[in-house]
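Chains as they are written, first to last, in our numbering: chain A, 14 to 218; chain B, 202 to 869; chain C, 199 to 307.
For the record, the hints were derived by calculation from the structure and aren't laboratory data. The reader is advised that the hints may include incorrect statements.
[Stated by the list, open to error] So the derived label-pair ranges between C-beta atoms look like this:
(1) B:L714 - A:G181: 27 to 33 Å
(2) A:E140 - C:E239: 20 to 26 Å
(3) B:T555 - C:F304: 42 to 48 Å
(4) A:V211 - B:Y702: 58 to 64 Å
[Said to hold, decoys possible] Simulated pairs of lysine-lysine, DSSO-like, Cα-Cα distance not exceeding 27 Å:
(5) B:K641 - B:K235
(6) B:K641 - B:K709
(7) A:K186 - C:K277
(8) B:K708 - B:K495
(9) C:K274 - A:K113
(10) C:K274 - A:K186
(11) B:K495 - B:K764
(12) B:K709 - B:K235
(13) A:K113 - C:K221
The C-beta atom is built at its ideal place from N, Cα and C for all residues, glycine as well.
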Amino acid sequence: MSTATATADTHHDHDPHATNTGISNNKLAMWLFLSTECLLFGALISTYLLYKTRGNGGVLPTDIFDIPFTSVSSFVLLMSSLTMVLALSAVARGEMDRGKAWLLVTAMLGGVFIGGQVYEFTSFYREGLGYTSNPAASAFYTLTGFHGVHVSLGILMLMSLWVSAQQGKLTQKNSETVEIVGLYWHFVDIVWIFIFTVIYLIPPA
Amino acid sequence: MTIIDEPLALESGETYAEKPLGILTRPQAQGGWKDWVSTVDHKKIGIMYGVAAMFFFVVGGFEALLIRTQLAFPDQGFLSADLYNQIFTMHGVTMVFLFIMPLAAAFANYLIPLQIGARDVAFPRLNALSFWVWLSGAIFLNTSWIVGGGGANCGWFCYSPNSGIVFSPTHGVDFYAIGLLITGIASLVSAVNLIVTCLNMRAPGMDLMRMPVLTWMLLVTQFLLAFALPVITVALLLLLFDRTFDSQFFDPDAGADPLLWQHLFWIFGHPEVYIIILPSFGIISEIIPTFSRKPIFGYTAMVFSGIAIGFMGWGVWAHHMFVSGIGPISVAAFSLATMFIAVPTGVKILNWLTTMWGGKLHFTTAMLFATGTVAMFTIGGLSGVTHSLAPADTQQTDTYYIVAHFHYVIFGGGVLGLFGGAYFWWPKVFGHFLNERRGKINFWAMLIGFNLTFGPMHVLGLQGMSRRIDTYSAGYGFDFWNLMSTLGSYLIAVSVVVFFYNVWKSKKEAVDLPPPGPDPWDARSLEWSVPSPTPEHNFDEVPQVESFDHWWFQKYEIDDDGKVVRIAETEAVAQDGSATGVHLPSPSFWPLVLAIGLPIIGYGIIFNLWLCVIGGLLTGGAIYAWVFEPVDDPNAGHGHDDHHEDEAGDDQLAGVGSGSASDDEGEG
Amino acid sequence: MSEATAGTETHDDHHPSDWDYVKIAGILGVLTTIEVLTYFESVFTFFETRWILLTTLFVLMIVKFWLVARMFMHLKQDKPILSQSFAAGLALATTVYIVALLAFNFFSA
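Here chain A stands alone, though its shape is the one from the complex (with noise of 0.2 Å):
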């Protein structure tokens, strides 16, 4: 198998494959993607941030952060991106079981994570944070749910190329499906990134 660029620049006029810019579609399109999530999620963290202050008399979210139980489940968060990186490049190499291995654990380690977040959904309840207690508690269930949300399709869709991989459809041929998932996976860890250090480490002026 060539390289790309040169496949791209010498074969550009006559391979039917060849794309404009050398990307495939279907990569170009997730980074595309990619780049209006961070509309979306730009608009929910503004929405936390104009409100977390806004607590109606009651409890605020910044109140009761418990900042090393989040750090723990930040860090598994960041270390299944290590893993992911390294399924792709087992799978890229042909090494299908090691890649299978690594899908498996970054599927179990976003599990983690999101079994850390119903354990600080439930706790911060107990607690007297409920959905609709104040705007400050409505912008920031809104807002962790939504990355909650993005992690568990990442957990499905991980779990999916794993199947595909136990069924022999996922091979060396198709690494760049497990690289898109990649992308995504690493893009919803770089929004913890940016939520953690905002949401929960600057503490309250």
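Position chains B and C against the provided structure of chain A, taking the given hints into account.
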């Protein structure tokens, strides 16, 4: 995960080509309605967008006539105040989201691949998905008349707290929120798809700076859509959560800030204005050079002013909010930005005029509409500049002056251009002309009716007549101009009837007329180098593009004296559409199935959460079925053709990336 | 597209090795640790000064963001158009929402 465990019920005459996972069927119909519901052909999808958009144009137009009938005379009780609120809201929502945007999408779908020399869009199935999802959202939105206790009644921008449960207790606003979320998914998918198409699928030699202006404007529009829709998505979700789950985003009593809605809405809403107008700008940039027999003046300036409008459109949203108390600094900053955005728009107007200057003008119906667009948009643009002066705007806010302004921009600038496009590309799409004489009646009736309807609103507004008021008392000096405006709206209705009559009659007459041939207008861009109507495979051979206006230079060259000389007859250089065995993307039912699931989820959120489970399973199942359906049916009959453009890979998992994208958008 | 782009992944000259990825993850881990330590004010007392705290947190966040996007998402090796399109969305979102928050007097409150 997949819940569809038997083939979709299809009647005989079709073969099932492939059953991956043992559950999927692949339609292979040729002709008939099944061909349409399973098609992934960008041309058929474009036509369906057009037909559906025109249907909603009639719906929205009917609502407009009701409004104008109510306002024809003072103190009328033709509509109750409540019904009036619902009708003007649904009029705005229908015209913006269910008419102009999809009609522009019709042009984008049909023309972008043809203008860049491609066989289809980058993701043909996602393209079908966009259409079906949009249609399901559009129908969903309008079912609120029947099952929702009436339409939304909060105006098209649905300001909070008016949109809250207290002031809008019926389900109308829920339908508004969910309906627009669904159509938003459609537009987002379509935007990503068309951007990738423009960036990746161009014919050899078709550099970005050789793309026709229409394709450029549509590309800018898709970028605006891609970035603006997530914002309105969040706003609508917050509204929906407030109404459905009692969250506290817009409740001032709980300390929330209703201005948040205004900001989010207009961060989306102002780019939306350019989403509406830029396709029309692109269309007339094709029509005017063709009928002036000159190349477009200042192509580069045209492209870059379009991009500049796209950029600057993001920096002016708060000029919709000058009276909402955003503070003097914000007002000053947004005033300035708004004045600046008139500059690239002015560049465009100048370029159209200089294209016509010294040209051999040929006033066909399409050209009349294009010229009308330039003139009417200029009026609308100028009244727009008056809004950028905050003190003047304070006087004009919420009066009929605003209504006059945005109808001059959206109707005068947008709709007239789209009608011109219809007359221009009709022979290409359907293989026969629309009658020119009836077309001219259509144009003049529409132009006069339009000015009679919206011109007087400038006066009414400056006299202080408030918009959205269901009636007015005699003696304020509003009577005469309101009556004129109502008469004008009836004249617009007549012109639309003439258009539909023209469509019907021209088709009937076409059998006795010679076919238009590939290039009836002696035009400039690539779609005119293929037969009319466009063959299913678009191009026999993918063209090798050597310059801007490549097709024109196939027919003409400029000699040493700078004179235009014909070098070839059109028929000699046009393609004849005779290629066989061209590999085309295979049709699929899954886009339709997926699209049906979404409104069921919508009804579920409003009425009974169990419906969400059904809709969710349908949607989720369709996504999975889709992902594991090969993009190209290996059993479909086709030969091998060296020139085919592959769209999304030939491996079984190629859809994962795209499938997952739509998956997320379902949540976003 | 099979040749043109799937080829990218197997072409190891430009791609970091697995060990490189582990090293990057190690750096990310260390940076996260520093971030978390700012929470325990007894560890580094100078983080009680708000501007030092904010600057540190933002710099760390941006570095982490940058590392994941450049290395794990392969923007470093990929065609510039991908970085450009992502940067466009990111820059647009940042600018628009900062302006919106400014209009709410968020930063002066």
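Structure-based check of all given hints:
{"no.": "1", "hint": "B:L714 - A:G181: 27 to 33 Å", "in the structure": "violated, 59 Å"}
{"no.": "2", "hint": "A:E140 - C:E239: 20 to 26 Å", "in the structure": "holds, 23 Å"}
{"no.": "3", "hint": "B:T555 - C:F304: 42 to 48 Å", "in the structure": "holds, 46 Å"}
{"no.": "4", "hint": "A:V211 - B:Y702: 58 to 64 Å", "in the structure": "holds, 60 Å"}
{"no.": "5", "hint": "B:K641 - B:K235", "in the structure": "violated, 37 Å"}
{"no.": "6", "hint": "B:K641 - B:K709", "in the structure": "holds, 19 Å"}
{"no.": "7", "hint": "A:K186 - C:K277", "in the structure": "holds, 21 Å"}
{"no.": "8", "hint": "B:K708 - B:K495", "in the structure": "violated, 31 Å"}
{"no.": "9", "hint": "C:K274 - A:K113", "in the structure": "holds, 26 Å"}
{"no.": "10", "hint": "C:K274 - A:K186", "in the structure": "holds, 23 Å"}
{"no.": "11", "hint": "B:K495 - B:K764", "in the structure": "holds, 12 Å"}
{"no.": "12", "hint": "B:K709 - B:K235", "in the structure": "holds, 25 Å"}
{"no.": "13", "hint": "A:K113 - C:K221", "in the structure": "holds, 22 Å"}
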